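Student: Given the coordinates of chain A, work out where chain B should sit on it, guided by the hints.
Read top to bottom, the protein sequences are chains A and B.
Residue numbers are given in our numbering: position 93 of the first sequence equals residue 93, and the series is strictly consecutive.
Residue numbers are given in our numbering: position 43 of the second sequence equals residue 1043, and the series is strictly consecutive.
Keep in mind that a hint or two might mislead.
Claimed, not checked - Quick look at which bits of chain A chain B covers, simulated, 3 or more residues with Cβ under 8 Å:
1. 21-32
2. 41-51
3. 99-111
None of these hints come from the bench; they were simulated from the model.
Since the structure is predicted, the reported quantities are computational estimates derived from the model, not experimental observations.
Positions of the beta carbon are idealized from the N, C-alpha and C atoms, including for glycine.
So the chains spell out like this:
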Amino acid sequence: MPEENRFEDSFAVEGGNFRAAGNVSGKIKRILKSIGINDNVVRRVAIVTYEAEINIVSYARKGRIVISVRPDLVQVEAIDEGPGIEDIELAMQEGWSTASAQVREMGFGAGMGLANMKKYSDAFNIDSKPGLGTCVKMQVFNLEKMLQPDYWLKI
Amino acid sequence: MTLSEIRDILDADVIVGEDQLGKEINTAFSADLMSDVLAFAKSGSLLLTGLTNPQVVRTADILEIAAIILVRGKRPPQETIQLAQDLKIPILTTKYILFETSGRLHEKGIVGCIEKVGSNRADAGRE
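The following block holds chain A by itself, in its conformation from the complex (with noise of 0.2 Å):
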């Protein structure tokens, strides 16, 4: 670490592979643990990274996960190249799927990916261009650091 624990990588995750599905959030976990990252951010971190890979898994042709660590906020980016989402309302409401039956065989693909994505993070933005692809960003916060008395007075 160059500083206290800053750190920001891209991790590739191939559409369709689901035998893979979940090695990229496995990886992510192992190394935010590694580096001392409090066991509340990480656990959240991991949660949302494993849905967000689920989902490029499921329905994009690729696509990459990129996550920045500050001490005081992990931010997870998934980014692909797929369909798209074309109303993003619709798919944040819980229940609401377009699964294939090989989602729903491995547990997912209840409608509930996004719904776990957002409620896991403390900030969260959908950006989707149907035909294209979509980007999820996400930040877990570290209520920790910034909630020490001079944090607010620093930025």
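Tutor: The following block gives chain B in isolation, referenced to the frame of chain A:
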């Protein structure tokens, strides 16, 4: 309660993790929908499920689930076993159905990760 006591209560076979039977476990979550497991299960808990694909092990790894109990006599495919060995996550299999498995463990003192959705314990990810 230890994992070996859980094995005895459920008359279960140990498929992966013979060396981890001393693990102490007090909570559990039962589901076949992995998104619900991600939403509600707590680290260190038992995961009871009827799914046997590798994603069950991945989900357990992400959440740091203590052990997976497959119900209804399910046997996992080789790729699931391999992944569980690599990630050191125990897998047991019991012939009891999910309802019986959950009930027998609850009766002996294992409680749910959460009681109700929306209760404090529900927000497992933020604990």
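Student: Work down the list of hints and note, for each, if the structure agrees.
Tutor: Hints versus structure:
1. 21-32: holds (count 5)
2. 41-51: holds (count 6)
3. 99-111: holds (count 5)
Violated hints: none; the structure is consistent with every hint.
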